[in-house]
Amino acid sequence: MSGWTQVCALDDLVPDRGAAALVGGEQVALFRLASGAVHAVDHRDPFTGANVLARGLVGSRGELATVASPLHKQVFSLATGQCLDDPAVRLRVWPVRVAGGQVEVAVAADEAKGVA
Amino acid sequence: MTQKKRLVVVGAGMVARRLVEALVERGATRDWTIEVFGEESRPPYDRVALTSFFTLRDADELLLGDQALWREPDVRLYRSSPVSAIDREARTVTARGTTHAYDALVLATGSYAAVPPIEGTDAEGCFVYRTVDDVAELRAWVTERQGEGRPPVRGVVVGGGLLGLEAAGALDQLGAHATVVEFADRLMPVQVDRAGGEALRRIVEGLGVDVRTSTATSRIRRDRRGRVKQMDFADGDSLATDVVVLATGVRPRDELARAAGLDVHERGGVLADDACRTSDPDVYAIGEVACIAGRVWGLVGPGYTMAEVVADRLLGGEATFEGADMSTKLKLLGVDVASFGDAFAATAGSLEVVYADPVAGVYKKLVLSDDASTLLGGVLVGDASAYTTLRPLVGNPLGGDPTAWLLPDGVEPPSAGALPDEATVCSCNNVTAGSVRCAVSDGGCTDVAGVKACTRAGTSCGSCLPLVKTLVNAELEAAGVEVSDALCEHFALSRAQLFDVVRVSGITTFSELVDRHGTGRGCDICRPVVASILASLGHGHVLDGENAALQDTNDHVMANMQKDGTYSVVPRIPGGEVTPEGLIAIGQVAADFGLYTKITGGQRIDLFGARIEQLPAIWQRLVDAGFESGHAYGKSLRTVKSCVGQTWCRFGVQDSVGLAVALELRYRGLRSPHKIKLGVSGCARECAEARGKDVGVIATDQGWNVYVGGNGGFTPRHAQLLAEDLSTEELVRTIDRFLMYYVRTADRLQRTATWLESVEGGLDAVRAVVMDDSLGIAADLDAAMAGHVDRYEDEWAATLADPEKLRRFSAFVNAPDVGDPDLAYVQERGQKRPATEQERAVLIGGATIPVRGAEVPA
Numbered sequence: 001m002s003g004w005t006q007v008c009a010l011d012d013l014v015p016d017r018g019a020a021a022l023v024g025g026e027q028v029a030l031f032r033l034a035s036g037a038v039h040a041v042d043h044r045d046p047f048t049g050a051n052v053l054a055r056g057l058v059g060s061r062g063e064l065a066t067v068a069s070p071l072h073k074q075v076f077s078l079a080t081g082q083c084l085d086d087p088a089v090r091l092r093v094w095p096v097r098v099a100g101g102q103v104e105v106a107v108a109a110d111e112a113k114g115v116a
Numbered sequence: 001m002t003q004k005k006r007l008v009v010v011g012a013g014m015v016a017r018r019l020v021e022a023l024v025e026r027g028a029t030r031d032w033t034i035e036v037f038g039e040e041s042r043p044p045y046d047r048v049a050l051t052s053f054f055t056l057r058d059a060d061e062l063l064l065g066d067q068a069l070w071r072e073p074d075v076r077l078y079r080s081s082p083v084s085a086i087d088r089e090a091r092t093v094t095a096r097g098t099t100h101a102y103d104a105l106v107l108a109t110g111s112y113a114a115v116p117p118i119e120g121t122d123a124e125g126c127f128v129y130r131t132v133d134d135v136a137e138l139r140a141w142v143t144e145r146q147g148e149g150r151p152p153v154r155g156v157v158v159g160g161g162l163l164g165l166e167a168a169g170a171l172d173q174l175g176a177h178a179t180v181v182e183f184a185d186r187l188m189p190v191q192v193d194r195a196g197g198e199a200l201r202r203i204v205e206g207l208g209v210d211v212r213t214s215t216a217t218s219r220i221r222r223d224r225r226g227r228v229k230q231m232d233f234a235d236g237d238s239l240a241t242d243v244v245v246l247a248t249g250v251r252p253r254d255e256l257a258r259a260a261g262l263d264v265h266e267r268g269g270v271l272a273d274d275a276c277r278t279s280d281p282d283v284y285a286i287g288e289v290a291c292i293a294g295r296v297w298g299l300v301g302p303g304y305t306m307a308e309v310v311a312d313r314l315l316g317g318e319a320t321f322e323g324a325d326m327s328t329k330l331k332l333l334g335v336d337v338a339s340f341g342d343a344f345a346a347t348a349g350s351l352e353v354v355y356a357d358p359v360a361g362v363y364k365k366l367v368l369s370d371d372a373s374t375l376l377g378g379v380l381v382g383d384a385s386a387y388t389t390l391r392p393l394v395g396n397p398l399g400g401d402p403t404a405w406l407l408p409d410g411v412e413p414p415s416a417g418a419l420p421d422e423a424t425v426c427s428c429n430n431v432t433a434g435s436v437r438c439a440v441s442d443g444g445c446t447d448v449a450g451v452k453a454c455t456r457a458g459t460s461c462g463s464c465l466p467l468v469k470t471l472v473n474a475e476l477e478a479a480g481v482e483v484s485d486a487l488c489e490h491f492a493l494s495r496a497q498l499f500d501v502v503r504v505s506g507i508t509t510f511s512e513l514v515d516r517h518g519t520g521r522g523c524d525i526c527r528p529v530v531a532s533i534l535a536s537l538g539h540g541h542v543l544d545g546e547n548a549a550l551q552d553t554n555d556h557v558m559a560n561m562q563k564d565g566t567y568s569v570v571p572r573i574p575g576g577e578v579t580p581e582g583l584i585a586i587g588q589v590a591a592d593f594g595l596y597t598k599i600t601g602g603q604r605i606d607l608f609g610a611r612i613e614q615l616p617a618i619w620q621r622l623v624d625a626g627f628e629s630g631h632a633y634g635k636s637l638r639t640v641k642s643c644v645g646q647t648w649c650r651f652g653v654q655d656s657v658g659l660a661v662a663l664e665l666r667y668r669g670l671r672s673p674h675k676i677k678l679g680v681s682g683c684a685r686e687c688a689e690a691r692g693k694d695v696g697v698i699a700t701d702q703g704w705n706v707y708v709g710g711n712g713g714f715t716p717r718h719a720q721l722l723a724e725d726l727s728t729e730e731l732v733r734t735i736d737r738f739l740m741y742y743v744r745t746a747d748r749l750q751r752t753a754t755w756l757e758s759v760e761g762g763l764d765a766v767r768a769v770v771m772d773d774s775l776g777i778a779a780d781l782d783a784a785m786a787g788h789v790d791r792y793e794d795e796w797a798a799t800l801a802d803p804e805k806l807r808r809f810s811a812f813v814n815a816p817d818v819g820d821p822d823l824a825y826v827q828e829r830g831q832k833r834p835a836t837e838q839e840r841a842v843l844i845g846g847a848t849i850p851v852r853g854a855e856v857p858a
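Order-wise, the sequence lines are chains A and B.
Under my numbering, the first residue of the first sequence is numbered 1, with each subsequent residue one higher.
Under my numbering, the first residue of the second sequence is numbered 1, with each subsequent residue one higher.
Derived from the structure by calculation, the hints contain no laboratory data.
All the pointers check out, no bait thrown in.
Capping the alpha-carbon separation at 30 Å, the derived lysine-lysine pairs in DSSO-like fashion look like this: (1) B:K563 x B:K832; (2) B:K675 x B:K563; (3) B:K331 x B:K469; (4) A:K73 x B:K675; (5) B:K832 x A:K73; (6) B:K805 x B:K675; (7) B:K598 x A:K73; (8) B:K805 x A:K73; (9) B:K563 x B:K805; (10) B:K469 x B:K329; (11) B:K563 x A:K73; (12) B:K675 x B:K469.
What follows is a set of in silico ranges between Cβ atoms, one per label pair, in the way DEER data are often shown: (13) B:Q562 x A:A99: 33 to 41 Å; (14) B:T509 x A:F47: 26 to 34 Å; (15) A:F47 x B:E839: 14 to 22 Å.
Ideal placement from N, C-alpha and C gives every residue a C-beta, glycine not left out.
My request is simple: use the sequences and hints to build the entire structure.
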C-alpha cells in the first residue's frame, strides 16, 4: 500500500463543489463537503464516457452523500461510488485524506484493489 | 399480402375527424386506407366555437386536435374537394373529376344553413352563419360598412335560436347594433321554456341587443346597388338595416344520398339503423346528416358517438347508437344558458321547481318525477354553474332538497363525489363518472391531464372539466394518494411556496433554508431551484459565496455543457441585430480557439467545443468586443427573436427590431422557473414566429398585440392573445407583470404554457392580475421587475474582474492549464466535431489507455 499523492490544499476545494485532479494519470473527482468530509471518485461519467463528474451537483439521498452527473443526472454515492439509479454501475473510489491542510489521494492502492 | 380495404369519408367536419381519429387510434390503418373529402379549404375545425373566430383572428386556432392525424400513412384528407357523385354499383365516388373506389363509404356531410323562403335573401349583405368563410365574409362586410363612416352599422338576425344568438353576439363584438327576430314567442324555443325565454330576453336586451319575438319576416329590400337596405315584417312593420344574418336553422345535406338512391327521411336526413348503416349496407351515415330512430341529432356529442359506432363496426365490432343526451350549455353574448333532459316537463306527472330572480337576470328550473325525488331535466338561464353537476344526475335521485341546487351562490350544492358511475360526465365524448374514476383507480392516472388523455373527457367543449377535476381528486383521496407538489425529498414545499418563504423570510443561503424548511443536503433538483429563487430575488452574483455550490455546471461556469464535457458559448445578440464588426469578432474568437460555430434558432451564434479552462480567455475577448453573456445556460430569458420590421420591410407597421432589442435588454438575466423566449413581429405576417414564444408581440396599425404561453419543443403550443393594441409603454408594463407573476408562482421547469393551464381560472385569471390588478399585487410586480432591471450586471464581465471566481475555471485543481487529454475531434464539413467511439479508437486509442501501475508515484 504505497503512495499518497499530494493533490492540492484543502482550501483550494470549495465546500459542496467538486474539483477534478490528475493523479498518476487518472482523472479523479474530489469533493469537499460542507460537513468536512472529503471524497475521491472517478471523474469519468461511466454513462457517457465524458470526464465531468467533478462538475456535478453534490447533495444527499437519505443518509448518503451524493453527486449527480451533470450530463444525465444519474446519482452516485460519494462514499462507495455506487450508482443509486443503476445497481450495475459503480465508480472507482480512492482513499483520500487531509494532512497538514493538504489533500492527498492514494491512486495506486485502489488500483491494486481494483485489479485484485 | 392481401390488399387493404378502402374507406371513403364524404365530408370533413368535426364528426368525420372523430371517425378517422377513432380508427387510427384503434389501428384500423393496418387493414384500411382512409380517404376523406371535404369541400372547405380547411382541415376539420371546431364549428361549435365559430364565434370565437372573431377574437382569435386566426382560423387555424379553431383546427381540431393534432394535425399530424392527416399525415398518418394510409390517411388522406382532400381539401376543397366536394364529392359530386356516388356510384353504388361501381362502389366509387367522384371528387373534382376523379373517381375513388371504396369498400365502405361514410356520409358525414353535415348540414347546411337553411335560408327562409322570403324575397331578397340573395341581396348583398345577406349572410348565413355556418362556416369560417361565412363568418369571415360577415366580418369583412361589417368592417367595410363601418369604414363608410356613417352611424353605427345595424344588423338584423333572423332566428332567435342558438345560432341566431351566436350571430347577434358576433355582430355585437364587431360593434354593430343587432336586432334578433324570432318567429316563436320566445328566444331559444327549442331549448328553454317560456319563462326561461323571457329571462333570456331581458338579459339580452340589457346587453343592447333588440329582440322581436312572435315576428315573421316577409321581405329583404335592397338599395340601388343591390345591397341590403331594409327588413320587412309580415305585420307591415319594417326595420332599416345594413346587414342580415339568416340563422333559421340547419338542414341535413342529404342531396348526394338522394341522388345515389339511398333512403332518406321525408323531412331530410339519410335513414340509418342503430349501427349507422343506411339502406346500402356498405354505406354509413353519421353526424347531422344521419336520421336515426326517426330524427336527426343536431349536436356534436351524438355525432361523435355515431363516429365511434362506425369505427367499431368497421373493425368488426357490434356497437350501436342508442340515442344521445341532447343537453346543451352555452355562453351566448356572455349569458349562460343550459338545457338538459326533459326540459319541458313532458313526462306525465312531472313537477317543476322554479327559482327566478328577474333583477339579477337568473332563471332556473328543475323538472322532477311525480314523487319529487328523481331529476328529469332542467333549464338554467343567467347562471348555469350547476349544470355540470346536475346533468349527470338526470334519471337519478337528487338527494336532499332540490331547491338547494337552485339557490344563488353561497349555498353549497351536494357534492359531486356522490355521482353514480353510470352518470355521463362528458356528453361530447360520452364519458361516464365511472370511466373517470376507473382511469384513476385502475388506469393509474394521477391528474386531470392524464384522465383527459386516457378517457377524452373534457377534450371537446371542456365544460365538464371542473367536474372531472372534482371526481379525480375524490378518487385519489379515496385511494389514499396524497396529491403532493413537494419539490423533492429535501423540501415538502412546491417551488412557488419556497419562493414565498425565501421572499418573506429574507433567507439568503441554501444552508439556512434547508436547515429551517427542509432536510438533508439538497440535490440536483432543489439546489438549482433555490439558486434560481435567490437570483430572482436579487441576492447577488450566481457565483457568489455559497450560491456557487447550488448551480448546475451550466450556471456555474456560465456556458452549456455538451456531450463530451466541453462547453458551448453564446454571446448575447439582442433582437438578432449584430454589426459586421461584431460578427468578425465572434468569428475571430471561434477561429483562434478552434470552436465549431452554428447559428441558433434564437438568432444568435453558438460556439462549441470550448474547454472549461478556455472559457475566461474566450469571454475576455468577447467582452472586449462589446458582447455580454447570452444566458443560454440559464433558466432565464434566452432571446427576443425579431423580424426586420418597418425599418426595412415593405410590409412592416412597427419597429420590431427596436422593440426586441429593448425587451431583450430589459429582461436579460431574469432568473425564472424555466427558460423564457420572446418574439416580436413587425406585422401580422409574423415572420418572427412570435406566437411560438412564451411572450409574442405582433405589431398592429394601432400598437402591439401581445400573446402569451407559446413554446416549441416536445409539445408545441401557440401563444394565446393576452391584450390588443397596446402602446409600447403599456406593452412593457404588461410583459413585466406577466413575467414576474410567472417567475413567482410557477413550478420548477414549468414553461408559461403549462403554468397558464395550472393557474386557477387560466388565461382569464392571469389577464385579470396583469391588466386589471385583480389581486392587488401589480405594484409589487412592477417594483420587482424594476429591481431586476436596476440590479442587472453582466455575469461574465463581473466574473472576469474577480480572480477568486476565475479559479473555478480550471480543468484540474493540480494542473490548471492542462486540458482534458481524452477529448478527440474529427473534421466534418470544414469544422471540428467530437469523434465517435470508433473514430477515437483509431485516433488516439493507444495513447489514452491507462497503463496500470506504470505511473505509480515514487
